[in-house]
Structures are given as C-alpha cells and as structure tokens.
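Take these sequences, add in the hints, and give me the full structure.
Residue numbers (my numbering), protein chains in the order written: chain Z, -8 to 265; chain G, 131 to 537.
Each hint should be verified, as a subset may be incorrect.
Computed footprint of chain G on chain Z, listed as stretches where at least three residues anywhere in the stretch have a Cβ under 8 Å from a Cβ of chain G [unchecked claim]: (1) 26 to 36; (2) 95 to 107; (3) 259 to 265.
Derived by calculation from the structure, the hints in this document are not laboratory data. For glycine and all other residues, C-beta sits at the position ideal for the given N, C-alpha and C.
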Amino acid sequence: MAATDITQITPAGSRLRLGALEIWRQRELLYFLTLRDIKIRYKQTLIGIAWAVLQPVLTTVIFTAIFSGWARFDTNDIAYPLFAMTGLTLWLFVQNAVSMASNSFVNNTNLVTKVYFPRLIVPLAATLAALFDLVFSIAVLAILMVYYKAVPDAAILLVPVFVVLAVLLAASVGTLLSALNVRFRDVKFAVPFFLQVWMIASPVFYPASMIPEKWRLVFAVNPMTGILEGFRSAVFGKPFDLPLIGVSVVSLFVIAAISLVVFRSMEDDFADVI
Amino acid sequence: MIEARGLTKTYKLGAGKSHSLRDAVTGIFTRKNGTRETLTALDDVSFTIAEGESVGIIGRNGAGKSTLLKILSRITPPTRGTASIAGRVGSLLEVGTGFHNELTGRENIYLNGAILGMRRSEIDARFDEIVAFSELEKFLDTPVKHYSSGMYMRLAFSVAAHLEPEVLIVDEVLAVGDLAFQKKSLGKMKDLGESGRTVLFVSHDMNSISRLCTRAIWLKDGKIAADGPAVETVAAYLHEQTLTGAERFWEDAAPAPGNEIARIVSLRVVNKNGETLASPDIRESVGVEIVFEALVDDKVLIPNLHFFDERGACIFISHDWNSGWREKPRPAGRHKATAWIPGNFLAEGTISVTAAVSTYKPLMVHFIARDAVTFTVVDSLEGDSARGDYAGLLPGIVRPMLEWTNE
Chain Z
-8 MAATDITQIT PAGSRLRLGA LEIWRQRELL YFLTLRDIKI RYKQTLIGIA
42 WAVLQPVLTT VIFTAIFSGW ARFDTNDIAY PLFAMTGLTL WLFVQNAVSM
92 ASNSFVNNTN LVTKVYFPRL IVPLAATLAA LFDLVFSIAV LAILMVYYKA
142 VPDAAILLVP VFVVLAVLLA ASVGTLLSAL NVRFRDVKFA VPFFLQVWMI
192 ASPVFYPASM IPEKWRLVFA VNPMTGILEG FRSAVFGKPF DLPLIGVSVV
242 SLFVIAAISL VVFRSMEDDF ADVI
Chain G
131 MIEARGLTKT YKLGAGKSHS LRDAVTGIFT RKNGTRETLT ALDDVSFTIA
181 EGESVGIIGR NGAGKSTLLK ILSRITPPTR GTASIAGRVG SLLEVGTGFH
231 NELTGRENIY LNGAILGMRR SEIDARFDEI VAFSELEKFL DTPVKHYSSG
281 MYMRLAFSVA AHLEPEVLIV DEVLAVGDLA FQKKSLGKMK DLGESGRTVL
331 FVSHDMNSIS RLCTRAIWLK DGKIAADGPA VETVAAYLHE QTLTGAERFW
381 EDAAPAPGNE IARIVSLRVV NKNGETLASP DIRESVGVEI VFEALVDDKV
431 LIPNLHFFDE RGACIFISHD WNSGWREKPR PAGRHKATAW IPGNFLAEGT
481 ISVTAAVSTY KPLMVHFIAR DAVTFTVVDS LEGDSARGDY AGLLPGIVRP
531 MLEWTNE
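Laid out in structure tokens, this is it:
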C-alpha cells in the first residue's frame, strides 16, 4: 500500500478526467459532508424539518387555488392537487439542490483553501443533502394518492429511474453553477431568477400536453420536461411519451458533460480565486 | 519521499479582483492581460526529502513557505515544475478545517477526520484516544458553538494529531491552546517524526524547528537560500535577520508600533557612554535603551525587553521594576528607559531584542516591536572572561562568571 501510493503534482492543465475512482475512494467524505448539510439545514429554525413538508404542501395549495379555479389544465383525469404535487415533488428537489449546490464552494471557502480532496464532492454533497427533503415530499405525495384513491400500476416501479435522472440533472446544473460562482459572484444573484424561469418553462403546474405538438420536442430539450412527464406517467400508470423523454435524457447527458468539462477546467484555480 | 523539481508559482496581480462577470466581459475587449504584473511567489524550487526525514521550512513572511505547502498539499497547482510524493499524504494547514459550530464535538471529530483524509474505521479506532487527548470527554455531545476558543482548538488539534499519514505536511498549527497543551502537541509531533514518518513543517518558532527537525530549508524571495542541518540553517537565517543593526528609529509616528496610549520612538544597544554598540565585549555591561512616547497622562506604562538567542530561544525578559514608574502613571511625552545587562552574563553570539510597553493592571500590551535590534556578544579570549583558557566550543545560552571555592 505505502509504496504504491504516489501523488503526482503537475501544473494545471487540461487533464480531462471523470475522477469517479477518486470520488469513490473518498465516498466517506461525501457521506459526512452530506450528513453535515442535512444536520445543519434546519438548525436554529422554529419548526425544523416541518419546512420539508410545508414547502410542497403550501405550494400545492397555492397552485390549486390559482389553477383549478379559472385557468384549468387538462390533467388527464388526475385531480389537480395530486397533479401539482407530483410535479412539485421533483421540482422542489431540483430547485433546492441547485440553489444549495451553487453556493456550496462559497459557503465552504476554508475547505477549498486549506485542504485537498476531489472538489466535485462539495456540490455533490449539497445535492445529495437535498434528497432528504425529497423523502418527505414523496411521503406527502403518497398520502395524497391514498386520499384521492389513485391506484398505481406496475409502472410505479420506474419511479426511481426518474428520481435518479432528477438527481443527475440537479447535480450537473448545481456543479456547473458552483464552479462559476467561485469566479463570478454574479451567479449568486442570477440563480433565484434562473430557477424561477426554469420552473415556468417546465411542466410543473401544467401538463406538457398543452404545448402544441410540433413544439413539444423542442420543449423537451429542457431535461426537466421529460423527467417530470415520465415521473407522472410512472406514478399514475399513464402511457410514457418516449420521444419526449428520449430528447430530455439526451439533453441531460449533454448538460452533464458540459458541466463536467467546465468544472474540471476551473477547479484547479479555486483556491487562488475564491 | 518528496521530490520537487523546479516548482514555480506566479500570481497575476489583481487577478483575484475579477470576481464579477462584468469585469471578465470587459476584460475580453480591453485585453489588458499582457500588461498585467505578476508576482512570483515560488521560483524554481527543487529538493528531495528522504523517507523519515523531518524538514523545517523557514523564511520571512511572503518568502513562499505557505505557497510551497499549498502546492505540496495539492490545494493549488504550480505554474511550472512538478513534484511527486510517495506515501499517503496528510496535510494540516489549519486545525479544525470544516468544523461546524452547530455540530457536536463528536460529529465534528468524524467530519474533520474525514476531511483530513481519515477513513471512518480509522476514526472509530482512534476515537477514544482523540477524546482523551482533547480532555473534552464531558462536552462531546455539546455543539461546539458553546465551546470556549481554547476547547475548540484542543478538539481540533486532537483530531489532527491522530492523523497518521506516511507524509505529514504541517503549517504552524502548534500555536494553539494553553502552554501545557502546546507542549503536549509538540510532543506528539516529535513522536510522529521519530516513528519514521516524513514530516514537512513550517514555523516561525525557530526553537521548535531546531527541536523537531533534522534538516531545514530556508526560503528567501521564493528561492532556496540554504538547505542543510536544521541548527545550521536556523542560525544562518537568524544571523541574516539580525543584521538589522543595533539601533532603530521610528521617525514617522504612523508606521511605529503603538496604539492610542503609547508608541515606540527608538531602540538602541548602548555602552556606558551612551554610544551605540553593535558588538559588545563579553566582559562589558550592555544597555538597551528604549524611547517611547506616552500619548495619555493616566496610564502606568512598563517598558519590557525580551532577549532571544540565535536559535530563537528566549534568554530572559526584563521589565522596569525599580525606577519608580511601576505604580505611578507616566505623563504624556517622551520617556527614555535603559536596562543594563551586566558583563560576563550573556554567552557569545547574536542576540535579538524585542521591545514592548505594557500596563499590567489590567494587562494590556500597547505595542510590541519584534526583533527590532540585535547585537553580537564577542569574547576576545584574553583569559579574563568566563572562558578562562579554554578556546573551544562552549555551549549554553548564558555564560556567567561564577564564584568557585576550593577546599
């Protein structure tokens, strides 16, 4: 062991690598940082983790009040509150994860300037910590399904696939923004606005079917479209729109690749510019 | 083993300021990049450190010590040059990195351990030892935000001290906690060095470098100025440091060490006639004269002088105890105080003086001018000093002429 452990130090360069092995070797650090982010998330709050439940529930109530009153959508026979809650379950996870991850380096400056470890672990830990809230959202969703007597079929087994895709998406976007934020603090101000626009551009509170047929695949370039539609189809046992999901998944992998390339090209200088 | 080949690090001055997108965008159009000034923090540094060596890195602030450690710790890449390190590397550029105030002592031990590169199983195995070392058994489940700063540092150092890598890189983290804890920490460092680990250690404390390291590398303006046995390198470094001279005047009030109560005006090494004296004879008494300015009327001000030898060891400290100003406030204005060191007391060698003015009740240090003047005690070997007829190496930080009796 001792003799084989050799650290090579070279000038910064375009050593493009996934670095998955290195991250795997440091998985315990990822675990402890995730745990820390979860533990401190609701510290010094009055109602603590109730926020994890309140956020989706109150948003669902508001959407229901607005959109089942006068602006009606064709939700394919799904009760609107249930429809909205399904969308919000994944969307709020992505939103929280991206906003936490994008600030992760700025919030952990001393980790970057005083110790070495694979930098990617920092935004990944922030993303994974947001999964904690997702567990609560899914519980609320399950309760709502029982209430509305929505009976799922075997397709519900595909739910984890869409959750994993959502995690990958949140991690990719969060990582990209976290690296840009080290260099350009503009990101901190742009992220809330960006997330707002992103939500409106995603079928969270409306179905993708209301987009004209010929534009639908363009719409699916936003990976959230395919993920949300697929997630709903899996939860309610409706037919999957495979072309739409396909475009979204391809787009997701392109975004993930861009994110990794940008991150790798910037990470060497983090300690000097943060 | 650590091998560094031509390590160089340059920083673009002002580069850190380009934190906003607008600067970056306008930067593209103005193309000022070519004219930007650069700072070379480390300049073509090469060395090889064998397995099991304990090496100290010394040098003034800004000489490149921290940059070197950051490169070897992989926190920042070199601009040019390469290095390779064989063995698992543990680096301690700070204690308590990643500590979170809201987490308990126990939680922070695991988090910090993982950040320093320990495996969970290793932390589990050493957990009791870490806790015992920190002496914080009772507060383990208390969030560290309720700890005193001393407790916090003790816990942080305890985790760090139980990191057992093959190569340890340490930056001046020992200056934590109270004296007893510092001693314990230094002992731990010594053990690490003696157990065959390679240790690279940066410190301003020449004493700990001499004690802990077998070899020292002196960095000066980013280059290696000397590399050799620790004691010799430290002496060479201190010798240069001490060429500052036997007198120093702070003409402008602004940069003079001081606060709104007192500030230093001058410090001189003098003989009986009040003349500046750079190399007193060992038999001669030496005065150190401090002139300071009191800026208020109502403070008891006690000048005090600290004497250090070439290895950085404190020879003694003396303060004005008998002049009558011990209890009564000094009026505003200049005051001159001189401490007299008797002849046949100091050993040969270069001595560095730190001067301060304090108030003791309550304790307040108004200024401290570190290593402000130096002088070199010489023995002319005429036979009437403590040396007698012996001309060889005579160690010891003082050399008093003692009374001997024979029966």
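Status of each hint after checking the structure:
Look at the segment 26 to 36 of chain Z against chain G: 6 of its residues bring a Cβ nearer than 8 Å to a Cβ of that chain, three or more, so the hint holds. Coverage of the segment 95 to 107 of chain Z by chain G holds [criterion: at least 3 residues with CB-CB distance below 8 Å; count 8]. With 5 residues bearing a CB less than 8 Å from a CB of chain G, the segment 259 to 265 of chain Z meets the requirement of three and the coverage assertion stands.
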